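Asker: Listed here are the chains, written in short residue letters.
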Amino acid sequence: MTDSESVIYDVKEKLWNGLIKICIKLKDDNDDKEFLLTIHRNSYFSLYFETIIAYFRLFQPAIYEKPVWLEYEGVPIKWNLPVGLLYDFLYFPCIVASKSQSQSQSQSQSQSQSQSQSQSQSQSQSQSQSQSQSQSQPLPNNTWTLYLKYDENYPTTDLLPFVYKKQDRSIDYKRFSREVIVNQLKQSCYVLNGSAKPIMDLSEIDLNQLWNGIETHNLMMVNSINGKIIPKYEYSKIPVRILISGSSTIVQSPVFPNKDTTKVTLKNILVEQLPYLFDNPDSSNFATPYIQGIAAKSLYDVSIQEIISCILQL
Amino acid sequence: MSTIIHSEPDDDSSSESSSDRSNFIEDEKPAVAKIPLSTSVILDRLSYSKKQQLDRTINSIRHDTVASSESPVTLSRSFSGRKPISVRTEESLPQESSLTLTSTSTSTSTDRRTQILQQFHTRQSSNVSSETPKITVRFVPIGSTPIIDKKVFTINRHQSVATLTKFLTKKLRLNSVHLYIQSSFSPTPDENLGDLFDSFRTGEELIISYCNTIAFG
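Those sequence lines, one after another, are chains D and P. In our numbering, each residue carries its 1-based index in the first sequence increased by 4. Quick note on numbering: our numbering labels position 191 of the second sequence as 178, and the sequence is numbered without any gaps.
A couple of the hints might just be wrong.
To give a feel for the contact side, a few chain P residues facing chain D, derived at Cβ under 10 Å [unchecked claim]:
id, residue
1, Ala20
2, Ala149
3, Ser171
4, Glu191
5, Ile194
6, Cys198
7, Asn199
Computed footprint of chain P on chain D; a stretch qualifies when at least three of its residues, placed anywhere within it, have a C-beta under 8 Å from a C-beta of chain P [unchecked claim]:
id, stretch
8, 15 to 23
9, 95 to 101
Calculated directly from the structure, the hints in this document are not laboratory data. Computed from a predicted model, the values in this text were never measured in an experiment. Glycine is no exception: its CB is placed at the ideal position from the N, C-alpha and C atoms.
If we strip away everything but chain D, and leave its shape as in the complex, we get (with noise of 0.2 Å):
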C-alpha cells in the first residue's frame, strides 16, 4: 500500500465509524426523561426507535403503540436522511456560529451542504476530527438534542408516516425504513449506472444482507454488496443532493463526471449550481460545502469522481 492510499483508506475509515451524540428528550410531568445514545453519521434514527421506545415506554406506557418522531427546535427529523446529514444541516451551523463567535471572527456563518444520495453506503468523518481547530478549543456543545414525539398529530407533510404494524400492534418501524432506504439506494443505482438493474437483479440473499449490513454497520456485509452495484470503471453520472442550511430547498440535479474530456470538479458543480453563493461579484462566497461533515472548501479543484469514490467504495 502507497502512502496516499493508505491516507485514503485512513478517511475511509473515519467516514465510516464517524459517531454523533444525541440526547433525545422525552416531556414528562416532573422533569423531562433523558435517553442518551451514539449514533453512526451514516445510519438512520428510525432504527433506533425501538430501542428508545423500550426505554421511554417504562415512564409512558402509551408510547407504545404510537408513531413516534423526533424534533429539534420544533423542526420535525426527517428519518430517512442519514443522521450525520441532518446533524450537518439542522445543527452543526450553530455550533460554528458560537465558535466563529468566540473566536471574534465570522467566517463561515451559513453552510450548505452536499450529501451522496447513496446515503447508507456513504459514510462520514465525525465533525470534531475533521475540524483541526476544534480540538485547541472545545465546541461549545457537541450533543444533539432532540426531543421525542408521539401524540396524535404525527406531522405527515414533514414526515414520511410509518404504515406498518407487527401482530402485537406496535408500529414496524425497520421494515418500513427498509422499504424507504432500498428505494434511495435504488435511485441512486440508477443514477451511477444508468439504470437500477444491478440492483434490482441482487438476489434476496444479497438484498437481505445489504440491508443487514446497513442496520448493524456492518462494513464487510455492505461492501461485499456494494460492490454490485456501484460500477468498476465508469460512473454514468453523479448523484448529487446540496442541501441549504436555513431552507428547505434540495439541490438534485444530473451531473456528469466528466465534460468532454476534463473531468468535472466539486467547484464547477457548485458555481453552476448555486452561482450566487459560490460565484460572487465581491469575491465574498462565504458559504462553505460539507460533505460527510467535512468542510470541502480544500476539494473545490478535486474531480466529484474522485470523491464520491472515496465515499462510496469503502
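With chain D held as given, fit chain P onto it using these hints.
Answerer: What follows is chain P alone, placed relative to chain D:
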C-alpha cells in the same frame, strides 16, 4: 342531442374542479419550510449582502422559472430541460471562462455583477425554458390497479411527488397508491418533480407507474 360520456374536457369556463377535468394537475401549496430557531438566528445575523446572496440562491432554485421570467434581459429560449452539467457549459459561457473571471479581480464589482447576472440568466435559459415551466408525466398502471382515463398530464416543475399521490388517490378513489419511476424505485413524497424529470425522464416524459399495492420490493 345525445350526451357523450367520454367527452374531451370542456374549456375551463365552468370547471371548478379543474384538476378532474383538464390534463393539467393543479398545484398544491408547498409546505412552509421549518427552520430551527438557532439557524434562523444565525441567518438574521448575516450582513445584508450575504443574506441577499442566500435569498437569491434559494429563490432561484425553488422558483427558477419565476425568477427567469421576471428578469428584464431577453433570454435565448431553447428548451432542452435542465441540461446536465457537462453539456450545458458548451453554450454561451464555458466553465473555464467563468473560472478565469473569478481570478480577474481587476474589473469593478458592478461590471462583475452584470457578468454574473448574465451568466446566471444563461444558466436559467439553458436550464429551464421560461415558456415551459411544466413537465409532462405519463401514468402507467401496474397489475390490477384501476386504469386512469387520461394518461398524460402536465404539472409544474416545482411541485412534489406528494401532489401526484394526492391527485391519483383522489382521481382513482384509492386509499393508497404507490408510485414508481423507471419501474424500479419509489420516490419520497418531498422530492421535486422537476428534478426527477431531469434525472429519470424517458424522452420528454416522466413515466410514473402506479400500483395500489407494493410492486417492486
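Asker: Which of the numbered hints are not met once you compare them with the structure shown?
Answerer: As far as the earlier hints go, 4, 5, 6, 7, 8 are violated by this structure, in ascending order.
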